[in-house]
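Number of protein chains: 2
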Amino acid sequence: MKKIQSAEILCVGTELLLGDIVNTNAAYLSRKLAELGISVYHQSVVGDNPERLKKALFEAAGRCDLIITSGGLGPTYDDLTKETIAEFFGKSLVRNEEVLADITSYFAETGRIMTENNKKQADIPEGALVIKNDYGTAPGVIIEDEEREITAIMLPGPPRELEPMFLYEAMPYLMKRSGSVLVSRNINIFGMGESSVENILRPLMENASNPTIAPYCKEGEVRLRITAKAENSEKAYEMCSEVVEKILSTEVGAAVYGIDTDSIEAELVRRLKESGKTFASAESCTGGLIAKRITDISGSSAVFLGGCVTYANSAKEKLIGVCHDTLEKYGAVSEDVAIQMARGARKALGADIAISTTGIAGPDGGSPEKPVGTVWVGISSEKGDRAVLLRLSPRRERSYIRTLAASNALFLALGEI
Amino acid sequence: MKKIQSAEILCVGTELLLGDIVNTNAAYLSRKLAELGISVYHQSVVGDNPERLKKALFEAAGRCDLIITSGGLGPTYDDLTKETIAEFFGKSLVRNEEVLADITSYFAETGRIMTENNKKQADIPEGALVIKNDYGTAPGVIIEDEEREITAIMLPGPPRELEPMFLYEAMPYLMKRSGSVLVSRNINIFGMGESSVENILRPLMENASNPTIAPYCKEGEVRLRITAKAENSEKAYEMCSEVVEKILSTEVGAAVYGIDTDSIEAELVRRLKESGKTFASAESCTGGLIAKRITDISGSSAVFLGGCVTYANSAKEKLIGVCHDTLEKYGAVSEDVAIQMARGARKALGADIAISTTGIAGPDGGSPEKPVGTVWVGISSEKGDRAVLLRLSPRRERSYIRTLAASNALFLALGEI
Numbered sequence: 292m293k294k295i296q297s298a299e300i301l302c303v304g305t306e307l308l309l310g311d312i313v314n315t316n317a318a319y320l321s322r323k324l325a326e327l328g329i330s331v332y333h334q335s336v337v338g339d340n341p342e343r344l345k346k347a348l349f350e351a352a353g354r355c356d357l358i359i360t361s362g363g364l365g366p367t368y369d370d371l372t373k374e375t376i377a378e379f380f381g382k383s384l385v386r387n388e389e390v391l392a393d394i395t396s397y398f399a400e401t402g403r404i405m406t407e408n409n410k411k412q413a414d415i416p417e418g419a420l421v422i423k424n425d426y427g428t429a430p431g432v433i434i435e436d437e438e439r440e441i442t443a444i445m446l447p448g449p450p451r452e453l454e455p456m457f458l459y460e461a462m463p464y465l466m467k468r469s470g471s472v473l474v475s476r477n478i479n480i481f482g483m484g485e486s487s488v489e490n491i492l493r494p495l496m497e498n499a500s501n502p503t504i505a506p507y508c509k510e511g512e513v514r515l516r517i518t519a520k521a522e523n524s525e526k527a528y529e530m531c532s533e534v535v536e537k538i539l540s541t542e543v544g545a546a547v548y549g550i551d552t553d554s555i556e557a558e559l560v561r562r563l564k565e566s567g568k569t570f571a572s573a574e575s576c577t578g579g580l581i582a583k584r585i586t587d588i589s590g591s592s593a594v595f596l597g598g599c600v601t602y603a604n605s606a607k608e609k610l611i612g613v614c615h616d617t618l619e620k621y622g623a624v625s626e627d628v629a630i631q632m633a634r635g636a637r638k639a640l641g642a643d644i645a646i647s648t649t650g651i652a653g654p655d656g657g658s659p660e661k662p663v664g665t666v667w668v669g670i671s672s673e674k675g676d677r678a679v680l681l682r683l684s685p686r687r688e689r690s691y692i693r694t695l696a697a698s699n700a701l702f703l704a705l706g707e708i
Numbered sequence: 292m293k294k295i296q297s298a299e300i301l302c303v304g305t306e307l308l309l310g311d312i313v314n315t316n317a318a319y320l321s322r323k324l325a326e327l328g329i330s331v332y333h334q335s336v337v338g339d340n341p342e343r344l345k346k347a348l349f350e351a352a353g354r355c356d357l358i359i360t361s362g363g364l365g366p367t368y369d370d371l372t373k374e375t376i377a378e379f380f381g382k383s384l385v386r387n388e389e390v391l392a393d394i395t396s397y398f399a400e401t402g403r404i405m406t407e408n409n410k411k412q413a414d415i416p417e418g419a420l421v422i423k424n425d426y427g428t429a430p431g432v433i434i435e436d437e438e439r440e441i442t443a444i445m446l447p448g449p450p451r452e453l454e455p456m457f458l459y460e461a462m463p464y465l466m467k468r469s470g471s472v473l474v475s476r477n478i479n480i481f482g483m484g485e486s487s488v489e490n491i492l493r494p495l496m497e498n499a500s501n502p503t504i505a506p507y508c509k510e511g512e513v514r515l516r517i518t519a520k521a522e523n524s525e526k527a528y529e530m531c532s533e534v535v536e537k538i539l540s541t542e543v544g545a546a547v548y549g550i551d552t553d554s555i556e557a558e559l560v561r562r563l564k565e566s567g568k569t570f571a572s573a574e575s576c577t578g579g580l581i582a583k584r585i586t587d588i589s590g591s592s593a594v595f596l597g598g599c600v601t602y603a604n605s606a607k608e609k610l611i612g613v614c615h616d617t618l619e620k621y622g623a624v625s626e627d628v629a630i631q632m633a634r635g636a637r638k639a640l641g642a643d644i645a646i647s648t649t650g651i652a653g654p655d656g657g658s659p660e661k662p663v664g665t666v667w668v669g670i671s672s673e674k675g676d677r678a679v680l681l682r683l684s685p686r687r688e689r690s691y692i693r694t695l696a697a698s699n700a701l702f703l704a705l706g707e708i
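As given, the protein sequences belong to chains W and P, one line each in that order.
Under this note's numbering, the first residue of the first sequence carries the number 292, and numbering increases by one thereafter.
Under this note's numbering, the first residue of the second sequence carries the number 292, and numbering increases by one thereafter.
Honestly, I wouldn't trust all of these hints.
Think about it this way: if two alpha-carbon atoms lie no more than 35 Å apart in a straight line, the pair counts; the simulated DSBU-like pairs of lysine-lysine are [stated by the list, open to error]:
hint : chain 1 : residue 1 : chain 2 : residue 2
1    : W       : Lys537    : W       : Lys294
2    : P       : Lys509    : W       : Lys323
3    : W       : Lys568    : P       : Lys467
4    : W       : Lys294    : P       : Lys345
5    : W       : Lys509    : P       : Lys423
6    : P       : Lys293    : W       : Lys345
7    : P       : Lys620    : W       : Lys609
8    : W       : Lys346    : P       : Lys620
9    : P       : Lys509    : W       : Lys346
10   : W       : Lys564    : P       : Lys638
11   : W       : Lys620    : W       : Lys638
Far from chain P by the CB rule (all over 12 Å, computed), these chain W residues [said to hold, decoys possible]:
hint : residue
12   : Ile295
13   : Val313
14   : Ala352
15   : Glu378
16   : Gly418
17   : Gly482
18   : Lys537
19   : Cys614
20   : Glu660
21   : Leu703
No wet-lab data here; the hints were simulated from the structure.
We treat Cβ as the ideally placed atom computed from N, Cα and C, and that holds for glycine.
Whole structure, please, built from the sequences with the hints as guidance.
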């Protein structure tokens, strides 16, 4: 069959049309197809309605080489994606005993009762490939229509089933079809805007076709994803690494906090473990978000001793010994209080490094001298104690200001290791 | 023009096709249209490509009464939604001086420089209605094509612009077109599964057409949304309230933690304020998530004094005086430690009510006696001290276990007020 160059994503589910759930599958599949170098020009959503699904299939088949569907593979009477697509491709459904055994054992393991209608999930279009589902009961299906030169991949709707099935089964299948492998490396950047990153890297990015360089943004962070295609993964990894080195040698390098890491907190936990140092936090405006983000990381208990959420001034005094006079004189949102908080938490918890935050997250509480978005971050370690002033945008919402304050604090902590 | 019965959502943006962003607009608009009683049978996404957009418009126009687009209204050369749709409806674009003045003053206010290409955002199809954008520069547009009996509403792509514009402008417009108003009330339920809720309420739900009763689920919670349509909002509110009363009188009533509230933490903050009581937390396995969720609520500083994230055993001893012997004898994940943590935090912070969590969030750290998902929640208040054991599913991921543990603790705190 010919090389796959374009794909469409067709999500099936009335719950999507009612807006009950957000279509993360379309975004996930699109991102992965972009990595594979396959273009996506359309995403569509239809309900559990065979007529409309058939029309959508017909339209899509005229425009692309690969159709990926999500949803409608379940056991109930309104799950009709497999039946409709099999009919579209002129294939009959055949009970697959191996799949049936998998489904039966899934029910046994999870202690649930298998009803008769669950068996229909083991019906597979003749000649199709099966994608095993380790996280649910509905298997995925790959149909290759050599005459029309179209491939269809059907996946179940729940993201925790769809994502691993695509990543570990459909993606290798698509790579095999293209005769090459893809490897990605990620550069994580904090405190430099997307446009600044792009300005600096434009000469590198403009001519990048293999490896490709794609920027992704989230609050305060830019992630550069470098993806290389080669005949084997060692070669592809090497190609990526060359680009990584080039990028690190530019001005962007100074803002890089990690490579192939998930988040600032993951990098912080990793480096703390490596250096054998312990960590503590004292939070006012971030109200526990820093501790929450660190303890999101499994295994953080090896380095994170604990934190104090000292929201009220009385808590700042009682838990971590901030001076009453300092609070009176400079106010809670001040350099001195931030430093005393970090120092106090470090001492109270016996940690090597401590960080603190005190600021105005809004929407209320701002003043002309200390507008919403004013945040002091305190740092205490064997290197000494200090505080850094952040001036975050007062136009942004409370959650953004809290997230940015926490990210800045975690980023500053990295510098103390 | 005829009554609007069906709509399609057409999102424009290459970043959606690349999977760089998740399409929350389609979900938001679908949910709101469902509330309005307008059916959505298709959602589609195309890139910033006039040809494909025109084809998608043509297909949609043959299937529905209302097309809502998002994206492609910006100032750059590839933002072509307005131009393409105006052409589709045979309308020319006319510079609107009022809109131009709005855009100019937006740039002045935010201290940014207005370039020439920003002026094209003030070009409006002749005869169209303008939707003001208070959060950005691109206005929305409503085109009514009386001949084809189709209405098109164009909105900008960023959700923080699209959502208020739809809610405050497009929704009243659509209600006026239908000659009625919609009012919703929400019942928030914790600790009862969706299927149990539906089983109990089936007789009520099956015959519900006005008001409608729609369940929404999120981790451990069920929200019932009751929506009534009537000639005025007082009447609609009254119709909702009758259903709310009926639901509260069923077995479901006991699991209701709030009505027309956002979350357990919002309800907790509201009731603490009402009763003039203060609150504190001591967290081990939830690692700051409880404090974070409470301080997500603006104004929580009036009732939340602070919290201790006592991740290490040493922190439990130092910060909130948990006995070394108790930790040795029963382990950190135990009834006694949970109670001592809550009592210790309440005392250390001088709060009226304190809650604590200590458990195994996984994926590591489980044992046959204390598997992953074992969590003790401690409560201390003037009513006394106690602890409750949760056995959350060890098959679920760390973040789910932490979220459920925090929700249970917050829910239990409600009972102490």
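If you test the structure against every hint from before, which numbers come out violated? 3, 8, 13
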